[in-house]
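Let the hints inform the model, and build the full structure from the sequences given.
As given, the protein sequences belong to chains H and E, one line each in that order.
Position 67 (the first sequence) corresponds to 67 in our numbering; numbering is contiguous.
Position 111 (the second sequence) corresponds to 111 in our numbering; numbering is contiguous.
Please keep in mind that the hints were generated in silico from the structure rather than gathered at the bench.
Please note that the accuracy of each hint is not assured.
[To be verified] Listed below are the simulated EDC-like cross-link pairs for lysine to aspartate or glutamate, each with C-alpha atoms no more than 20 Å apart in a straight line:
| hint | chain 1 | residue 1 | chain 2 | residue 2 |
| --- | --- | --- | --- | --- |
| 1 | H | Lys98 | H | Glu87 |
| 2 | E | Lys266 | H | Asp168 |
| 3 | H | Lys98 | E | Glu175 |
[Said to hold, decoys possible] Here chain H is said to cover these stretches of chain E; the calculated rule only asks that three of the stretch's residues, wherever they fall, bring their Cβ under 8 Å from a Cβ of chain H:
| hint | region |
| --- | --- |
| 4 | 107 to 114 |
| 5 | 174 to 184 |
Beta carbons: idealized from backbone N, C-alpha and C, even for Gly.
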Amino acid sequence: MNVVAFQQTAPEGAVSPARSGLPAASVRGLSKQFGTGPVIMSGLDLDIHHGSRVAIIGANGTGKSTLIRMLVRLVEPSGGDIRLLGEDVRKLDAPGLKRLRSRVGFVFQRHNLVTRLSALTNVVHGVQSRMSGPRTWTQLLAPREVRAEAMNCLERVGLADKAMARIDTLSGGQSQRVAVARMLMQRPELVIADEPDASLDPKSGEEVMATLAALANEQDATLIFVSHRMEHAIRFSERIVGLGGGRVALDQPSDTVSEAELTRFFHHD
Amino acid sequence: MTEALTPKAGQLPPRIQRVNPVAFSLSVAVAAFVIWSMTTAGPSPDQLARGLPNIGNILSRMFPPDFERIDRILWSLFQTFQMAIAGCAIGLVLSVPLGILAAEGLSPHPAIRTAARSLIAVFRTVPDLVWALIFVIAVGLGSPAGVLAIAIDVMGFAARFFAEAMEETDKGPREALSALGANRLGMIMSAVLPAAAPSMIATSLYCLEKATRASVVLGLVGAGGIGVELKVAFDLFAYQTAATIILVILILVIAVEQTGGWLRRKII
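Structure (structure tokens):
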């Protein structure tokens, strides 16, 4: 089978950061406060270059998940600017935001698949980033090329043999790999993963992270992931960004930090 | 109603705790209203004493059932079931979009959600016999009026439960599809409906049972079905024929309920 392109051509009118030399993600003065609660983020600045692999770490409540969700406005920022894949995220209208999201693959902490449906149908859903209508709702109605591409994505995460298995019959690790396959189906330019290893046992978590990193590496795609596992942050990224006090409190190449140093960062923070 | 009293160590708590006087007064008022309603609206002992022998008399005149017109009765029963199936199918199909419009988080606008909820409330509040009377006037005597009455009645019930089933589905898959740029319809069809399907199927089967029972009585107001036969049999004092009709209705209702129950167990 042909290898599925990880990166799709940017939609008409969109500026490819790779071509423009702009960062894949650029955040300036970002702040967030939920209602009248405590300020989670205040004046956060961050640039993530195209093709890089960045781990976001930090203690609970430092706003790691909030930060990456704000990048695609799954959470609305309270202030600041976000540029993602050349788009001014906060100024996008609903169709513009939909177009931007279609270019960004998001892997969640939980697999967020429809458990009563087959792995193949869940992967076919990924095509809704660029198609719509009944042919994208189930593998039963999907065009031949979409089914073939979905099978290809499952093959790339090592689950082609589970294509027709219902998600509720798969293990946690397998389900998370199906979620990665769904993300591949999207042909994203940028991959964001919110603790994809958190709900898995160490072995499955390692497999999922290895799959994500390998796929990103293979296609030179940008990967931003949040992880609480220091060994994963060091091993699967080339840069580690630590959040603390609502800002970037640590920003170092992964090969210059040790697990012990990162653990100290957590305790110090 | 009561305020919890903390027992001291080594002591048993009191059997009756301190009673809230307002709650106690309300309870007494409710109990008094129930008793008053039973004495004014319910049958008096004298009426019961006179009525029970009459019921016994009618039941004795019903036996043995008369199967002479069984072919006509069965055909009428079949038409009644068709009326239930058609009304139920129309009602269920229309309940899906109505349920979506009424579901929190899926409805496109709060005003549309309120309108959909209000419409469902109207459908549910007005009894099916009243709908049948309205449709008999609107489309004339016969089964079309019954089918429409059942459809409306089913919508009042199913759309509400469909909306609740959709609201209760896991929000994760919806968020995932929203994050990849899927449109609202794609998200509903791909993530919400498949997850809500077992509950919706169970509701649909219950609706079929309810529609079957309803279809029997709608004939009494001229909306078609075996109810007409039953009314005519009673009007002509043909109690043995009426017994046959009641018997076949009983068999149909039990068959539908048993099949529905079996299917529910298989699906859920």
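20 Å limit on alpha-carbon distance, applied to hinted pair H:Lys98 and E:Glu175: 13 Å, holds
Restraint status (C-alpha distance of E:Lys266 to H:Asp168 at most 20 Å): Within the cut-off at roughly 17 Å; holds.
Agreement of H:Lys98 and H:Glu87 with the hint, judged by alpha carbon distance not exceeding 20 Å: This hinted pair holds, its Cα atoms lying about 12 Å apart.
Claimed coverage, the region 107 to 114 of chain E by chain H - three or more beta carbons nearer than 8 Å: Coverage by chain H is violated here, the residue count being 0 at a Cβ distance below 8 Å.
Chain H covers the region 174 to 184 of chain E, three or more CB atoms within 8 Å, holds or violated: holds (count 9)
Of the numbered hints stated above, the single one contradicted by the structure is hint 4.
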